[in-house]
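Please build the complex by placing chain B on the supplied structure of chain A, with the hints as guidance.
2 protein chains.
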Amino acid sequence: MEIVKPDSTPLADKLGPVAILGVGLIGGSIGLALRNRNAAKSVVGWDMDRSALQAAVVRGAIDEAADTAAEAVKQASIVVLATSNAAAIGLLREIRPSLPPDAIVTDVGSTKRSIVAAADNLLHGRFVGGHPMAGAETSGIGAALSTLFVGAVWALTPSQETEEDTYDRVVALVKAVDAIPYRCSASEHDRAVAYLSHLPHVLAYGLAYTGGEAVPEDLKGLAAGSFRDGTRVSQSRADLWTEILLDNSGPVIESLEGFVRWIEAARQAIGSGDREALAALLSEARRARGRFPR
Amino acid sequence: MEIVKPDSTPLADKLGPVAILGVGLIGGSIGLALRNRNAAKSVVGWDMDRSALQAAVVRGAIDEAADTAAEAVKQASIVVLATSNAAAIGLLREIRPSLPPDAIVTDVGSTKRSIVAAADNLLHGRFVGGHPMAGAETSGIGAALSTLFVGAVWALTPSQETEEDTYDRVVALVKAVDAIPYRCSASEHDRAVAYLSHLPHVLAYGLAYTGGEAVPEDLKGLAAGSFRDGTRVSQSRADLWTEILLDNSGPVIESLEGFVRWIEAARQAIGSGDREALAALLSEARRARGRFPR
Numbered sequence: 000m001e002i003v004k005p006d007s008t009p010l011a012d013k014l015g016p017v018a019i020l021g022v023g024l025i026g027g028s029i030g031l032a033l034r035n036r037n038a039a040k041s042v043v044g045w046d047m048d049r050s051a052l053q054a055a056v057v058r059g060a061i062d063e064a065a066d067t068a069a070e071a072v073k074q075a076s077i078v079v080l081a082t083s084n085a086a087a088i089g090l091l092r093e094i095r096p097s098l099p100p101d102a103i104v105t106d107v108g109s110t111k112r113s114i115v116a117a118a119d120n121l122l123h124g125r126f127v128g129g130h131p132m133a134g135a136e137t138s139g140i141g142a143a144l145s146t147l148f149v150g151a152v153w154a155l156t157p158s159q160e161t162e163e164d165t166y167d168r169v170v171a172l173v174k175a176v177d178a179i180p181y182r183c184s185a186s187e188h189d190r191a192v193a194y195l196s197h198l199p200h201v202l203a204y205g206l207a208y209t210g211g212e213a214v215p216e217d218l219k220g221l222a223a224g225s226f227r228d229g230t231r232v233s234q235s236r237a238d239l240w241t242e243i244l245l246d247n248s249g250p251v252i253e254s255l256e257g258f259v260r261w262i263e264a265a266r267q268a269i270g271s272g273d274r275e276a277l278a279a280l281l282s283e284a285r286r287a288r289g290r291f292p293r
Numbered sequence: 000m001e002i003v004k005p006d007s008t009p010l011a012d013k014l015g016p017v018a019i020l021g022v023g024l025i026g027g028s029i030g031l032a033l034r035n036r037n038a039a040k041s042v043v044g045w046d047m048d049r050s051a052l053q054a055a056v057v058r059g060a061i062d063e064a065a066d067t068a069a070e071a072v073k074q075a076s077i078v079v080l081a082t083s084n085a086a087a088i089g090l091l092r093e094i095r096p097s098l099p100p101d102a103i104v105t106d107v108g109s110t111k112r113s114i115v116a117a118a119d120n121l122l123h124g125r126f127v128g129g130h131p132m133a134g135a136e137t138s139g140i141g142a143a144l145s146t147l148f149v150g151a152v153w154a155l156t157p158s159q160e161t162e163e164d165t166y167d168r169v170v171a172l173v174k175a176v177d178a179i180p181y182r183c184s185a186s187e188h189d190r191a192v193a194y195l196s197h198l199p200h201v202l203a204y205g206l207a208y209t210g211g212e213a214v215p216e217d218l219k220g221l222a223a224g225s226f227r228d229g230t231r232v233s234q235s236r237a238d239l240w241t242e243i244l245l246d247n248s249g250p251v252i253e254s255l256e257g258f259v260r261w262i263e264a265a266r267q268a269i270g271s272g273d274r275e276a277l278a279a280l281l282s283e284a285r286r287a288r289g290r291f292p293r
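In the order they appear, the protein sequences are chains A and B.
Under numbering that gives the first Met the number 0, think of the first position of the first sequence as 0, with each following residue one higher.
Under numbering that gives the first Met the number 0, think of the first position of the second sequence as 0, with each following residue one higher.
If we strip away everything but chain A, and leave its shape as in the complex, we get:
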């Protein structure tokens, strides 16, 4: 893993024509960011949902709407897959025959091993997996923002197949939307985000359910900031998160097991009134948080 310094690969030229497949929160925000900055020659969009696609035109997230994914990529220099992971793997097959010879492909999915493996097979070096660490609990083109990625880390997971030029062009795309490229392997990525994104989502859903069931309606107004923050991402789409957790089940289960071990230790200390043990657990955890940026 290395952080690519903002000045190490200057955004010399405007990006060529960009195709965005899937114009929801992430795809729509990429389109808005590129068009607001005039960073791409053109932005063509496609979405399974025709009304979302029309909304993307109206919002100015894309220049043009294509009827099919294959048609969208025909003139593209960079193709961004911004659908669910399963759909993205299907799209790789669908668009391959229509891709111009020098076009490259990237994606924005929350897990990287499965799509990178599929793309290595299908695209031989013209793919880099990507994951902007800048989602939101909102979804859809209506929630898209041209500033969604400003200052956010954007993981890039080139494989041994990936050509250096392909990687550089995706770095340029990431920089064009003011995000910070963060290079690591697909498996490093998937294990880290199990702990840093997937586990927090599972905890948020679990806290929302547990509090919602146990606390009578007339006392729910006592919900404090810690509950609001701790459950914010439980408002994310359940279907997408079902897919993410299943696609990354190994690392996610490892993270859940580690987490439950800590909870059991805390419960022991609380149940037995062991002040010293509990204070040590909390202090250690407080210090652990301090080792993260921000």
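Please note: incorrect hints may appear among the correct ones.
[Stated by the list, open to error] Just some of the chain A residues that point at chain B, by a computed CB distance under 8 Å:
#1 Ile-88
#2 Ala-117
#3 Asn-120
#4 Leu-121
#5 Cys-183
#6 Glu-212
#7 Ala-213
#8 Thr-230
#9 Gln-234
#10 Leu-244
#11 Ser-248
#12 Ile-252
#13 Leu-255
#14 Arg-266
#15 Glu-283
#16 Arg-285
The hints are simulated quantities; they were obtained by calculation from the structure and are not laboratory data.
C-beta: ideal position from N, C-alpha, C; glycine also.
This is chain B only, laid out in the frame that chain A set:
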């Protein structure tokens, strides 16, 4: 439980002299809020930590610093205990001989049964337990804000001993700092906040520790918004939270057990690839969150 409507008990007169024992984040913010609004005849402060007490004078959170807790309450109409719960119970004994006959006492602690029981014994009707749902992960007089309580719910837990006049005067104090009084019993409060504040804190500490240990330093930059929000309150003071969790151990353990049951169900579904079961758990949790205000 009932929400006292903002207009049901008008803040007719200025509050009399207020004494604040403990001028940290909460006590300091109460002082700032009262003085900025010119809502109290005077605000006298005391703190075990002399430098915090001096800082409270400099910041304008109190008019005057007292040398002892007993001295601080001598002229008071309303006494606010804004220390840890254990210290507050000790202070009740210490100040009782010096309290003017018509002075009333309230506190701001995160648990209510233990202090209400102690106060019922010592003050016979002149005490109302309080808990502003507006903390922060910061602490100390330096973090105090005159606006900390604006629009926040402030739980009030009168007991059968509490005189109606005592209750009304604490409601007036709460309204004076622009918070919303929320009446419930001490045991209703303690069970609800176990789920809505104490459980979220335990989860935040556990997530911080688990992520901090498992993720290599050079991948910690992948921490997403869900991790930041989910661990925010792990920066709270470990000593205070040790005390809160132990003081409310029964309801906290109940909440941890309920939470771990949900996590085990989620782990089962993820481990066995049961898409339908996992989607149902997440959707149900998402709906449960929707039953909370905001």
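Here's how the hints hold up against the structure:
no.	hint	in the structure
1	Ile-88	violated (16 Å)
2	Ala-117	violated (18 Å)
3	Asn-120	violated (23 Å)
4	Leu-121	violated (24 Å)
5	Cys-183	holds (6 Å)
6	Glu-212	holds (7 Å)
7	Ala-213	holds (5 Å)
8	Thr-230	holds (5 Å)
9	Gln-234	holds (6 Å)
10	Leu-244	holds (5 Å)
11	Ser-248	holds (5 Å)
12	Ile-252	holds (6 Å)
13	Leu-255	holds (5 Å)
14	Arg-266	holds (5 Å)
15	Glu-283	holds (6 Å)
16	Arg-285	holds (5 Å)
Of the numbered hints listed earlier, those contradicted by the structure are 1, 2, 3 and 4.
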